[in-house]
Structure formats: C-alpha cells, structure tokens
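**Q** Protein chains in written order, with this note's numbering: chain A, 6 to 219; chain B, 14 to 113; chain C, 3 to 542.
The set of hints was computed from the structure by calculation and includes no laboratory data. On a predicted model such as this, the values are computed, not experimentally measured, just so you know. Among the hints, erroneous ones may be present.
[To be verified] In the DSS-like style, the derived pairs of lysine-lysine whose C-alpha atoms are separated by at most 25 Å in a straight line are: (1) B:Lys35 to A:Lys102; (2) A:Lys193 to A:Lys102; (3) A:Lys193 to B:Lys89; (4) B:Lys82 to A:Lys193.
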Amino acid sequence: MSVSAEPQAAPPVQEHAGEHRDYAGAKLGMWLFIFSELILFGGLFVAYGMYRSMHAHEFHKASGELNLTLGVINTLVLLTSSLTMVLSIVAIRLQRKLQSMFFLAGTMLLGTVFLVNKFFEWMAKFHHGIYPGSEHMMARPPGERLFFGLYFGMTGLHGLHVTIGVVLMSVMLVFLARDRIRHDDFIKLENTGLYWHLVDVIWIFLLPLFYLAA
Amino acid sequence: MSHITQQKAEAPHIVGYATFVKVWIALVLLTGLLVGLSVTHRPNLALLGLLVITPTKASLVLFYFMHLKYESAALKYMVTAAIAALIIFIGLTFSDFLFR
Amino acid sequence: MSTAVHAPAGEASFYARKGIASWLLTTDHKRISILYLAAMMTFFLVGMTLGVFMRLEQLTMGPTIMKPTTYNALFTLHGVIMIFLFVIPGLAASFGNFFLPIMIGAKDVAFPRLNLLSWYLFMTGATIALSSLFTGSGPPDTGWSFYVPYSVKTGTNVTLAVLGAFTIGFSSILTGLNFITTIHRLRTTGMNWMRMPLFPWALYATSWVQVLATPILGITLLLVVLERVFHLGIFDPSIGGDPILYQHLFWTYSHPAVYIMILPAMGAISEIIPTFAHRTIFGYRAIVLSSMGIAALGSLVWAHHMFTSGMSEFSIIIFSLLTFLVAIPSAIKVFNWVATLYKGSVELRPPMLFALAFVFLFSIGGLTGLFQGALAVNVHIHDTYFIVGHFHYVMFGGTGFAFFAALHYWYPKMFGRMYSERVATVAFVPTFIGFNLLYFTFLVMGLQGMPRRYYDHLPRFHAGHLHATIGSWILVAGLLLMIGNLVRGLFRKATIPANPWGGVTLEWTVPSPPPTENFAVLPVISEPPYTFNPVAKEPA
Numbered sequence: 006m007s008v009s010a011e012p013q014a015a016p017p018v019q020e021h022a023g024e025h026r027d028y029a030g031a032k033l034g035m036w037l038f039i040f041s042e043l044i045l046f047g048g049l050f051v052a053y054g055m056y057r058s059m060h061a062h063e064f065h066k067a068s069g070e071l072n073l074t075l076g077v078i079n080t081l082v083l084l085t086s087s088l089t090m091v092l093s094i095v096a097i098r099l100q101r102k103l104q105s106m107f108f109l110a111g112t113m114l115l116g117t118v119f120l121v122n123k124f125f126e127w128m129a130k131f132h133h134g135i136y137p138g139s140e141h142m143m144a145r146p147p148g149e150r151l152f153f154g155l156y157f158g159m160t161g162l163h164g165l166h167v168t169i170g171v172v173l174m175s176v177m178l179v180f181l182a183r184d185r186i187r188h189d190d191f192i193k194l195e196n197t198g199l200y201w202h203l204v205d206v207i208w209i210f211l212l213p214l215f216y217l218a219a
Numbered sequence: 014m015s016h017i018t019q020q021k022a023e024a025p026h027i028v029g030y031a032t033f034v035k036v037w038i039a040l041v042l043l044t045g046l047l048v049g050l051s052v053t054h055r056p057n058l059a060l061l062g063l064l065v066i067t068p069t070k071a072s073l074v075l076f077y078f079m080h081l082k083y084e085s086a087a088l089k090y091m092v093t094a095a096i097a098a099l100i101i102f103i104g105l106t107f108s109d110f111l112f113r
Numbered sequence: 003m004s005t006a007v008h009a010p011a012g013e014a015s016f017y018a019r020k021g022i023a024s025w026l027l028t029t030d031h032k033r034i035s036i037l038y039l040a041a042m043m044t045f046f047l048v049g050m051t052l053g054v055f056m057r058l059e060q061l062t063m064g065p066t067i068m069k070p071t072t073y074n075a076l077f078t079l080h081g082v083i084m085i086f087l088f089v090i091p092g093l094a095a096s097f098g099n100f101f102l103p104i105m106i107g108a109k110d111v112a113f114p115r116l117n118l119l120s121w122y123l124f125m126t127g128a129t130i131a132l133s134s135l136f137t138g139s140g141p142p143d144t145g146w147s148f149y150v151p152y153s154v155k156t157g158t159n160v161t162l163a164v165l166g167a168f169t170i171g172f173s174s175i176l177t178g179l180n181f182i183t184t185i186h187r188l189r190t191t192g193m194n195w196m197r198m199p200l201f202p203w204a205l206y207a208t209s210w211v212q213v214l215a216t217p218i219l220g221i222t223l224l225l226v227v228l229e230r231v232f233h234l235g236i237f238d239p240s241i242g243g244d245p246i247l248y249q250h251l252f253w254t255y256s257h258p259a260v261y262i263m264i265l266p267a268m269g270a271i272s273e274i275i276p277t278f279a280h281r282t283i284f285g286y287r288a289i290v291l292s293s294m295g296i297a298a299l300g301s302l303v304w305a306h307h308m309f310t311s312g313m314s315e316f317s318i319i320i321f322s323l324l325t326f327l328v329a330i331p332s333a334i335k336v337f338n339w340v341a342t343l344y345k346g347s348v349e350l351r352p353p354m355l356f357a358l359a360f361v362f363l364f365s366i367g368g369l370t371g372l373f374q375g376a377l378a379v380n381v382h383i384h385d386t387y388f389i390v391g392h393f394h395y396v397m398f399g400g401t402g403f404a405f406f407a408a409l410h411y412w413y414p415k416m417f418g419r420m421y422s423e424r425v426a427t428v429a430f431v432p433t434f435i436g437f438n439l440l441y442f443t444f445l446v447m448g449l450q451g452m453p454r455r456y457y458d459h460l461p462r463f464h465a466g467h468l469h470a471t472i473g474s475w476i477l478v479a480g481l482l483l484m485i486g487n488l489v490r491g492l493f494r495k496a497t498i499p500a501n502p503w504g505g506v507t508l509e510w511t512v513p514s515p516p517p518t519e520n521f522a523v524l525p526v527i528s529e530p531p532y533t534f535n536p537v538a539k540e541p542a
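All chains should be built: construct the whole structure from the sequences, respecting the hints.
**A** Here it is in structure tokens:
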C-alpha cells in the first residue's frame with residue numbers, strides 16, 4: 006500500500022498541497038458516496054412500497070393521471086445521456102479530446118432536455134391543481150394524496166440530482182478543454198460518469214413505480 | 014488491497030464504443046418491453062416487468078456503464094454489501110407493514 | 003511492533019505554521035482533528051450546562067427556575083447538542099482524524115480537502131442548529147428525535163434544527179467514506195488487515211455504518227422539512243401519512259448511530275488497556291470480528307425503540323430477537339478487555355482509570371439495554387427514567403468516559419505537553435461517583451415509574467430527584483476539574499518523549515507532537531500489533 010502513500014518523484018509536501026493521484030482510491034470514494042445516495046433514495050422507496058401496499062387501488066388510479074408518453078421519452082433521454090457519458094470517457098482515453106467534449110456536451114444537453122420535460126410535466130400538474138397541500142389534493146382520498154406527495158418528493162429529489170449532474174458536467178467540460186482531464190488522468194470525468202449513471206439507475210426504478218403503476 | 018489489484022486498477026481495461034452502444038440498445042429494448050407489458054392491463058405481467066426487467070436494466074447500467082464488471086473483487090463485494098443492506102432494511106421495515 | 007525510523011530531530015511539528023488562515027485552510031488531518039476537538043469540547047460544555055439546569059429544575063417540585071415550555075426546549079437542545087454535536091462526531095472525528103493515518107502508517111487521509119470540507123459542514127450544521135434557538139418562534143421542543151406529527155405541527159423552530167442535523171449528517175457521511183478509502187488504500191507496507199491496530203478497525207466498522215445508515219436520517223429529516231414547508235403528507239396522518247413510518251426511518255439511522263458513537267470508543271479502549279496492562283490484547287481477532295459484527299447486527303435492531311408504537315406483533319418479536327443478538331459481540335469485547343488485564347502489570351494512570359470506568363459503566367449500560375429488549379419489561383419501562391439512565395450509561399458512561407480516556411491517553415502526543423497526572427486522578431473520583439449517583443438513581447426512578455421529559459415530579463420521586471441533582475453537582479465538579487487540568491496542561495512547558503506510556507502502536511514512534519508529514523520515512527510493518535517487548539511482558 007505504500008505505493009500510493011509515497012509519491013516517488015514529487016516532494017512530500019505536494020501530497021498535502023492537494024493533487025491526489027490514487028486512481029483506485031478516488032474511485033472507491035465515489036462508489037462509497039454512491040452507496041449513500043442509493044440508501045438516501047432507499048428511504049423513499051420504503052415509503053413508496055409501504056403506502057402502495059396500503060393503498061394499492063388509489064395508487065393505481067392516481068398513476069393513470071401521469072403522462073406516460075412524457076415519462077417514457079424522459080427515460081429514453083436519460084438512457085441515451087448515460088451512453089454519451091460513457092462514450093465521452095472512452096473517447097478521452099483514446100486521446101480524442103474533441104470527441105470526448107462533444108459527447109460530454111451531448112450528455113449535458115440531454116440532461117437539460119430531461120429537466121425541461123420535467124418542468125412542463127410539473128407545470129401541467131400544477132395547472133390541474135395537483136400539488137402538495139392544494140385544495141384539490143385535500144379533496145382526494147388519502148392514497149392519491151400520498152401518491153402525488155411521493156411523486157413530487159421523489160422526482161423532485163431526482164431532478165435536483167440531475168441539475169447537480171449538469172452543473173458538474175459543465176465543470177468537467179472546462180477541465181477537458183484546459184487539459185486538466187487527460188487520457189492518463191481522467192478520474193474526475195469517470196467519477197462524474199459514475200454519479201450520472203446512478204441518477205439514471207434511480208430513474209430506471211422511478212419509471213415503473215410512478216408511470217407504469219396504472 | 015494487494016499490489017495485484019492495485020496494478021489492475023491503475024491500468025483499467027478500455028472497453029470500446031461498440032459494447033456500450035449494444036448495451037444501450039438492450040436498455041432501450043427492455044424499456045420498450047417494460048412499457049409494453051404494463052399497457053397490456055395484465056397486472057401479473059406488469060408486476061413481472063417491475064420485478065425482473067427493472068433490476069435487469071439497473072444491472073446493465075451498473076455492470077457496463079458503471080464499469081463494475083471490470084472492477085476488483087473487493088469493490089464488487091462492497092456493492093453487493095450495500096445493496097444487501099438496502100434490501101435487508103426494506104425487508105425488516107416490511108415485517109411491520111405487512112403483518113400489521 | 004515495527005522498524006519505524008524516528009523522524010530526524012528538529013523536524014518542525016505540525017503546530018509550526020502560525021496564523022488563523024493556516025488553521026482554517028489546513029488540510030492536515032492533525033490540525034482538522036484539533037479543530038474538531040475544540041468545537042466538540044465547547045458544545046459539550048454547552049450541553050452539560052443545559053443538563054445542569056434541567057437537574058436544578060427537578061431539585062424541587064413545581065415550576066421553579068423555568069416554565070414547562072422552557073424545560074421542553076432544554077431537553078431537546080441538550081439532546082441535539084450532545085448527540086449531533088458531541089457523541090456522533092465523537093472519537094472518530096477528533097481522535098480518529100488524528101490517529102487513523104498515523105496508526106496505519108500514512109501521511110494523511112485519502113481525501114485531505116474533503117476532510118476539511120467535512121469540518122466546515124459540521125460547523126455549518128452546528129451553527130444552523132444552534133441558530134434555531136434565537137430565530138423564528140422559539141427553540142424546538144420536540145425532543146432530539148423530532149417525532150411526527152408533533153414536529154410537523156409545532157410552531158417552534160424545528161425546520162432549522164432539522165436542517166442543521168441534516169448538514170451534520172452529510173459531514174458524517176463524508177468523514178466515513180474518507181476513512182474507509184484511507185484504510186483500504188493508504189496502509190503502509192506490511193500493514194495487512196490483521197496487523198492493523200484495533201482503533202483503526204473500530205473506525206472502519208464505524209465508517210461503514212456512517213456511509214450506509216446516515217443517508218436514511220438525511221432523507222427522513224428532509225421529508226420533515228418538506229412536510230413543514232410544502233405539506234407533502236408522507237408522515238402527516240391528517241393528509242394520509244403514517245407517523246410510524248417516520249419512527250422506522252428515524253431509528254433505522256438513529257439506532258445504528260448508537261454504534262457510530264460507541265464503536266470508536268471501544269476501539270480507543272482496546273488501545274489503552276493493552277498499553278497500561280503492558281500485555282498484548284487478548285483475542286485480537288475476536289475483537290476485530292465483534293466490531294464488524296456490532297456494525298452489522300446493530301443496524302438491524304432499530305425497531306426496539308418502537309415496541310409500544312403500534313407496529314405489528316410479528317415485527318416486534320423479530321426485533322426483540324435481533325436485539326438480544328447484539329449483546330453477543332458487545333460481551334465478547336468486554337470479556338476480551340478483562341482477559342487482557344489478567345496477569346498484566348496494570349498501571350492505574352489517568353487514561354487507564356477512565357478506560358476501566360468505561361468497561362464498568364458500559365457493562366451496566368449494555369445490560370440495562372437487555373431489559374428493554376425483553377418485550378414485557380419494555381412495556382413497563384418505556385419512556386421512563388430507566389431509558390434515560392440506560393442511554394446515559396451507554397453514551398456518557400460509555401462514549402463519554404472513553405472520550406476522556408482517549409483524551410488523557412493521546413493528550414501528550416497531540417499537544418506535546420502534559421497535564422498533571424495527580425489532578426487528573428483526583429478529578430476522576432468525583433466524576434465517577436457523581437456519574438453513578440446521578441444516573442443509577444435514574445434507573446431506580448424509572449423502574450418506579452418516573453416518566454421522562456416531564457418538568458415536574460410527584461412527591462414520591464422527590465428523594466430520587468434530590469439524589470440525582472446532588473450527583474449532577476459532583477459530576478460537574480469532577481468534569482470541570484478534569485477539563486481545567488487539561489487546559490492548564492497546555493500552558494505547562496514540557497518536553498514530551500515520543501512514547502510516554504510505553505505504547506507499541508505506530509503513533510508512539512513519531513515525535514510528540516508529530517511533524518506535518520507524520521513519518522520521515524514510512525514504517526514497514528513485520529509483526530502483529532500489540533507485541534510488547536519480552537522484558538515488559540509477564541512470564542507465561
């Protein structure tokens with residue numbers, strides 16, 4: 006293990022000053038963060054599972070009001086963005102910098118498209134008076150209120166993660182342009198990718214739970 | 014971790030574009046199947062979709078896009094442990110709701 | 003234990019750089035540890051003061067020095083401060099940060115900048131939580147557990163307190179993932195898993211719980227905020243939610259959190275006892291496995307806080323069974339510590355006194371925990387002073403005393419100064435006596451039926467409350483003497499040898515205080531830990 010603790014060429018002070026070159030270590034750290042994210046959403050999945058088992062019929066009915074087409078389109082958008090993300094990493098490793106930047110920009114674009122879709126989807130719900138605490142919602146049976154409460158809570162938290170992902174990628178794009186991410190030092194991009202795929206995995210579960218529960 | 018895993022990690026395996034495009038096609042097809050099953054209005058099929066296809070899709074992303082297939086055994090154990098922790102947590106909580 | 007090369011004499015200690023900025027922007031794990039320590043000791047004193055005021059209110063019957071609502075705010079803040087700002091960061095953030103890298107032969111943690119960020123998140127969380135006192139419509143009065151529906155309905159400033167706890171949780175996750183990565187990646191040559199000292203092992207187990215359990219608290223508290231702000235309805239029964247779900251989610255984190263608090267404490271005790279018994283630890287492997295066992299099993303017992311909540315009978319039986327199982331790894335540790343003392347040359351110096359007190363008090367805490375795992379007894383003692391007594395034995399008698407033990411043990415290494423051992427020994431006596439007078443009385447009153455979280459008591463509990471309050475004065479006198487002695491020690495000029503206690507782990511091979519890079523040359527490990535030299539060892 007001493008290999009990573011003892012930078013061969015660099016003077017020891019530099020290790021403190023910052024740049025940490027332990028590739029596997031950095032990735033391990035990211036994975037651990039991903040575990041914690043997984044558990045974070047896990048708490049919401051428990052809430053969903055519990056209330057669905059208690060109010061199966063009402064969940065069914067409320068799910069029918071969601072826009073399935075938009076849900077499926079967003080799924081495809083996110084899946085494709087995962088592909089472009091991973092291609093961006095392959096490209097930089099093959100030293101194709103421009104291609105890598107192109108794919109990364111594509112991922113950002115798709116992420117933004119996802120958010121725009123989500124925005125319109127939520128707006129449409131608001132117009133129908135469907136939002137937590139509204140009079141319309143309070144007039145509905147408890148199961149439907151819970152469904153929409155969870156819907157806004159879970160897709161909202163997911164949307165927040167998408168937003169963070171897009172911001173993160175814009176930073177990575179700058180790093181790529183300035184050669185701070187290179188074919189031999191791409192862990193930042195790879196960790197961003199891991200995060201983005203996690204966001205995708207969570208959406209993979211959200212699709213059937215909300216849009217296909219009808 | 015031993016030096017062997019370290020070396021493996023320092024020079025990770027490069028997977029080509031084609032593999033990822035194939036995985037993406039599989040994911041899109043599975044999504045289509047999932048949606049198809051749920052609009053048949055047969056609850057059993059829809060449930061099957063939820064319990065089988067969704068985890069399959071997630072595993073594809075995990076193993077290929079997230080590169081887990083090419084990672085060290087230690088990391089694979091950790092991922093397994095984290096997912097097991099989540100499942101046990103869900104299971105124990107359900108021991109309450111389902112028998113209340 | 004190792005063939006470590008001493009750092010060349012005259013190498014600058016990590017205190018060498020001066021100025022506020024050199025502290026606030028440091029990425030040195032040792033400095034970050036000192037930052038945590040300073041903050042935590044401050045919070046401890048604040049929390050302690052709140053506790054003293056509660057005891058004063060209970061000295062006599064009826065409202066005397068405060069109104070009932072003030073009392074509610076006091077026990078909430080006492081809990082929030084002591085739990086989130088003192089025992090949860092606890093030994094991991096303070097001593098763990100300092101000694102984990104040194105004990106495994108590394109120059110720093112894996113992510114030094116993230117480490118600093120964790121401290122800032124911790125301080126931000128603490129500031130937010132404490133600002134809930136002075137802003138909005140009064141300090142939160144829900145108890146530290148923020149149970150719904152009251153926490154959603156109450157007009158007091160729960161939102162801020164909850165956001166503070168959320169931020170601290172985030173800090174705790176980042177520290178956990180930092181430590182796991184450090185242990186996996188930065189162990190020095192020859193330091194394989196079974197040569198790693200027990201404090202790093204305990205931190206490893208703790209860190210996993212931090213990473214895998216804390217997010218549940220995060221999402222729970224976030225939902226409480228969403229509930230208060232947007233009326234999401236997940237927990238609010240008037241909208242359709244189920245308050246018991248809140249309790250599940252809350253305890254899914256908050257019970258494992260007990261192990262986040264106690265495991266590093268156990269690790270520190272496993273360091274101190276061999277050093278002062280001058281004998282290798284008994285059952286190294288068993289202690290390692292029991293640490294991991296406690297981390298795993300301890301995460302599966304949360305619903306024993308909820309036996310009277312109305313959850314299903316089936317679930318109650320499962321959780322009762324699992325609760326009894328946790329006693330096994332905990333008992334293994336106690337037996338191992340006691341077996342280490344057997345035929346050792348025990349030196350009763352201050353760190354050892356606190357460590358032995360830990361073993362004694364933790365045993366009482368653990369055993370009273372078993373009472374509550376038993377279903378019939380649980381119904382009787384639920385929400386009484388028995389519970390309060392039990393968790394103070396575990397958290398204060400356990401983690402608190404281990405914290406003091408570790409503080410006295412590692413103090414010369416961390417500061418390069420020495421406190422007065424005589425005063426420390428004198429301070430130990432009232433601390434120990436006062437503690438037992440205070441909290442053992444709680445156990446007795448609880449069995450007699452004194453409910454917790456009441457600002458007043460019936461005449462038949464008066465004698466008990468009187469004893470407890472007098473105990474609190476003795477305890478506080480001891481603590482103040484102890485802390486005063488430690489603070490005074492900082493100003494005593496002294497040259498401390500690298501190894502004042504005769505310890506054999508790596509931290510004793512570096513100068514006191516250690517240089518910035520810890521090791522001039524990274525040590526190479528060729529033996530298991532706790533190998534004392536034959537002269538010091540008792541003949542078998």
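**Q** If you check each hint against the structure, which ones fail?
**A** Of the numbered hints given earlier, the structure breaks none, since each of them holds.
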